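Visitor: Here is how the chains run, residue by residue.
Protein chains: 4
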Amino acid sequence: MTAEPKRKDRERERHRREIMAAARELFARGGYERTSMACIAERAEFAVGTLYRFFKDKRALYRALILDTVEEFADELVTALQGPGNEIERLERYVEVKARLFVRHIPTARLYFTQTVGAGLLPTAGMDQEIRTVYQRVLDILESVVGDGMSKGLILKMNPRMLVLGLEGLSNAYVEVLIERRDDMEAGVLADTVKAIFFRPVAVEGAR
Amino acid sequence: MTAEPKRKDRERERHRREIMAAARELFARGGYERTSMACIAERAEFAVGTLYRFFKDKRALYRALILDTVEEFADELVTALQGPGNEIERLERYVEVKARLFVRHIPTARLYFTQTVGAGLLPTAGMDQEIRTVYQRVLDILESVVGDGMSKGLILKMNPRMLVLGLEGLSNAYVEVLIERRDDMEAGVLADTVKAIFFRPVAVEGAR
Amino acid sequence: MTAEPKRKDRERERHRREIMAAARELFARGGYERTSMACIAERAEFAVGTLYRFFKDKRALYRALILDTVEEFADELVTALQGPGNEIERLERYVEVKARLFVRHIPTARLYFTQTVGAGLLPTAGMDQEIRTVYQRVLDILESVVGDGMSKGLILKMNPRMLVLGLEGLSNAYVEVLIERRDDMEAGVLADTVKAIFFRPVAVEGAR
Amino acid sequence: MTAEPKRKDRERERHRREIMAAARELFARGGYERTSMACIAERAEFAVGTLYRFFKDKRALYRALILDTVEEFADELVTALQGPGNEIERLERYVEVKARLFVRHIPTARLYFTQTVGAGLLPTAGMDQEIRTVYQRVLDILESVVGDGMSKGLILKMNPRMLVLGLEGLSNAYVEVLIERRDDMEAGVLADTVKAIFFRPVAVEGAR
DNA sequence: CATGAATGAGATTTCATTCAT
DNA sequence: CATGAATGAAATCTCATTCAT
Chain F
0 MTAEPKRKDR ERERHRREIM AAARELFARG GYERTSMACI AERAEFAVGT LYRFFKDKRA
60 LYRALILDTV EEFADELVTA LQGPGNEIER LERYVEVKAR LFVRHIPTAR LYFTQTVGAG
120 LLPTAGMDQE IRTVYQRVLD ILESVVGDGM SKGLILKMNP RMLVLGLEGL SNAYVEVLIE
180 RRDDMEAGVL ADTVKAIFFR PVAVEGAR
Chain C
0 MTAEPKRKDR ERERHRREIM AAARELFARG GYERTSMACI AERAEFAVGT LYRFFKDKRA
60 LYRALILDTV EEFADELVTA LQGPGNEIER LERYVEVKAR LFVRHIPTAR LYFTQTVGAG
120 LLPTAGMDQE IRTVYQRVLD ILESVVGDGM SKGLILKMNP RMLVLGLEGL SNAYVEVLIE
180 RRDDMEAGVL ADTVKAIFFR PVAVEGAR
Chain V
0 MTAEPKRKDR ERERHRREIM AAARELFARG GYERTSMACI AERAEFAVGT LYRFFKDKRA
60 LYRALILDTV EEFADELVTA LQGPGNEIER LERYVEVKAR LFVRHIPTAR LYFTQTVGAG
120 LLPTAGMDQE IRTVYQRVLD ILESVVGDGM SKGLILKMNP RMLVLGLEGL SNAYVEVLIE
180 RRDDMEAGVL ADTVKAIFFR PVAVEGAR
Chain L
0 MTAEPKRKDR ERERHRREIM AAARELFARG GYERTSMACI AERAEFAVGT LYRFFKDKRA
60 LYRALILDTV EEFADELVTA LQGPGNEIER LERYVEVKAR LFVRHIPTAR LYFTQTVGAG
120 LLPTAGMDQE IRTVYQRVLD ILESVVGDGM SKGLILKMNP RMLVLGLEGL SNAYVEVLIE
180 RRDDMEAGVL ADTVKAIFFR PVAVEGAR
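Quick note, the sequences are listed as chains F, C, V and L, same order.
Position one of the first sequence corresponds to residue 0 (numbering that gives the first Met the number 0), numbered consecutively onward.
Position one of the second sequence corresponds to residue 0 (numbering that gives the first Met the number 0), numbered consecutively onward.
Position one of the third sequence corresponds to residue 0 (numbering that gives the first Met the number 0), numbered consecutively onward.
Position one of the fourth sequence corresponds to residue 0 (numbering that gives the first Met the number 0), numbered consecutively onward.
What the hints contain is simulated information worked out from the structure, not anything from laboratory work.
In this text the structure is predicted, and so the values were computed from the model without any measurement.
Ideal Cβ positions, reconstructed from N, Cα and C, are used throughout, including at glycine.
You may find that some hints are simply not true.
What the hints assert, rightly or not - One side of the interface only, derived from the structure: several residues of chain L facing chain V at Cβ under 7 Å: (1) 159; (2) 161; (3) 164; (4) 165; (5) 169; (6) 192; (7) 196.
Stated by the list, open to error - Which residues of chain F face chain C? A few of them, derived with a C-beta cut under 10 Å, are: (8) 30; (9) 33; (10) 36; (11) 162; (12) 166; (13) 167; (14) 170; (15) 171; (16) 195.
Turn these sequences into a full structure, and let the hints steer you where they fit.
Guide: In structure tokens:
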């Protein structure tokens, strides 16, 4: 009797997660508009009405999913940035963790991308300021690490925001390739490439 | 009498372009799903039925539009790459032209992005192999320029495809920022930043 | 032990009345269709399922409510009619009691109206012959009072049923005004107006 | 060619009227909530989508219908009031016209009632200020006729608004009976009864 | 060719009702 | 008995597409 409410709650929470898992898969594959509630319900093995007991409407389901996704990834990335080592080592670790993380959770990664990087390009995107804020937190920490590296003379002095955007653009480019087609490339190579291009000169000394 | 068919053809071509111009604006703003044929027709000042005289269905209109967009941009980019100068100068010009081009034609740029870079992320994207092919041509030429630069010892030797993806990722990141929010950043700064990060070392000499 | 079943019964009856009170409020405000069982359950502070322990379905709850409402009002009205005084005095008291009663219990009055007077106009109405019967009782007694008044030469001789309908229509018209908008009009004025119009000539003597 | 647009317009207008006729019948029978768009479409012999080409949504269809109905009836009633004769004759004609009109168009009459008299009782009602305004016009004119009658000493002096409400309540009561059950009563009897009750004293001289 | 009214499949959302706990 | 999560039928509304004029 006393344990009853807990079990009920846990069951409810499990159902919620099942719905979100089904939704994640489908939204990642088909996008917001082309994924129907009926389809999500079917994959989650619930009736349509049940989805509405957990989420006010389709947007709310999507929003909860995205927020969940972005927060989960953001936490991992922030942890990587805040570990030991000098600034360059920490940025390198960031890129490595990002590569492994995204490769391991491809549907989640898709959603993360469309809602952070591609947020301005996509119509569904920009749904919510809250989502942008979570990603901004990652960018802010990246920026502070970069700033520290510059102060210590480890990193070329320039606008740190711009440098951060560059690092993101560079690493995302490779992650996207990994996500799209399952190339032979794997996370390790990806991280090495970013490091090679970003931290060392591409133009050979004296070429310019 | 003999000139008649030509005039008719030209008129038809003009109508086609008017429809595509309306569609470009709306698709860029609202995305594929959220843009209705009725809305395009209204903006183009034609009846819905007329749109179907020019394009088999909505997808075909979208496809034609994207192909048109991508080809137009690709032509400009290829021209920039094929001009005079050594490989590094040509790559730099590529970045400059790209920045100016995209900033000048924002709706077109949006479509270009969602269909080239974001092609694997977005549901509407990957509509057609033909589109990918056009963009591949740009990547191929970029790759050959990079390869030449490596042979001449101007560019650090590494997998040229990877280097090209990196250059694209880096430059796109900044262009996206320009497109999303009308930052104070302008095309010149953008190109300089890419050059600074890409061609010169970000990690200060001896730091690693 | 022996008193237990009684306590249970009383408890059950109390719960039943709590549900009906919640339902009365909501049905009166929003009508049958726009009032949901979930909403009633919430207001009554019971679970949805519990409502179904007391009433077979939504219609049954509504029906019970209406019957309760109509009977309650009918009893009061009949009592007023059966008091002392000659027929005209009794009819006047009927109008006074009706006015005060309805003004005091507005939600109940709304339901009474939609189910008696408006029964033929409203789709939810006419749910049940039983309800009509209760109201018919009031009309029958009114008719007998009117008939007696006619026999005694107090009331103009005409079809008594018609006269009753007229009295109802006249008094209801004012009550409706009171229910709709909280006018400055109050029960006393209402009753006086009905009496003035109904029992005395509106057309001035000799005008016709 | 020149007549083309006119024919199209007429056809469109005809279709609009067909939809409204189907809707009138069904709304009058089942009320707003219990009448589905699919049902209206079927009866009107159009596809569901077609209804939405003529009316933004269900409410708009209902509103248009009601406005149409109320205006049509109001016009007839106003005409009756504004004809020749002294004030009492004009009020009597009003009652006669009202009786005949409502008996002839029962579905329309139902809608008229639920939206004018019963407007405050019904949840769907009070949809629109505009509708109330049309009915107010009738009440205003009634009031001015009554006022004139009082000035001329034809009608008992009292609050004219109250008298008008009384006349409406009285006549509506009988009309409702006619609408509900097809009694043996007919329009002529109805009008005579209203006149008898309203204009002459029900309480016999000296009874009070 | 151009038109735009008509179509109807399909999407979202609500809610009365059931039933395992 | 009480509970409230789950159900799924049904309603509203949208929009790509067709076709008679």
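Visitor: Next step is simple, just say for each hint if it's right about the structure.
Guide: Do the hints match the structure? See the list:
no. : hint : result
1   : 159  : 11 Å, violated
2   : 161  : 5 Å, holds
3   : 164  : 5 Å, holds
4   : 165  : 5 Å, holds
5   : 169  : 5 Å, holds
6   : 192  : 5 Å, holds
7   : 196  : 5 Å, holds
8   : 30   : 3 Å, holds
9   : 33   : 6 Å, holds
10  : 36   : 15 Å, violated
11  : 162  : 7 Å, holds
12  : 166  : 8 Å, holds
13  : 167  : 6 Å, holds
14  : 170  : 8 Å, holds
15  : 171  : 6 Å, holds
16  : 195  : 6 Å, holds
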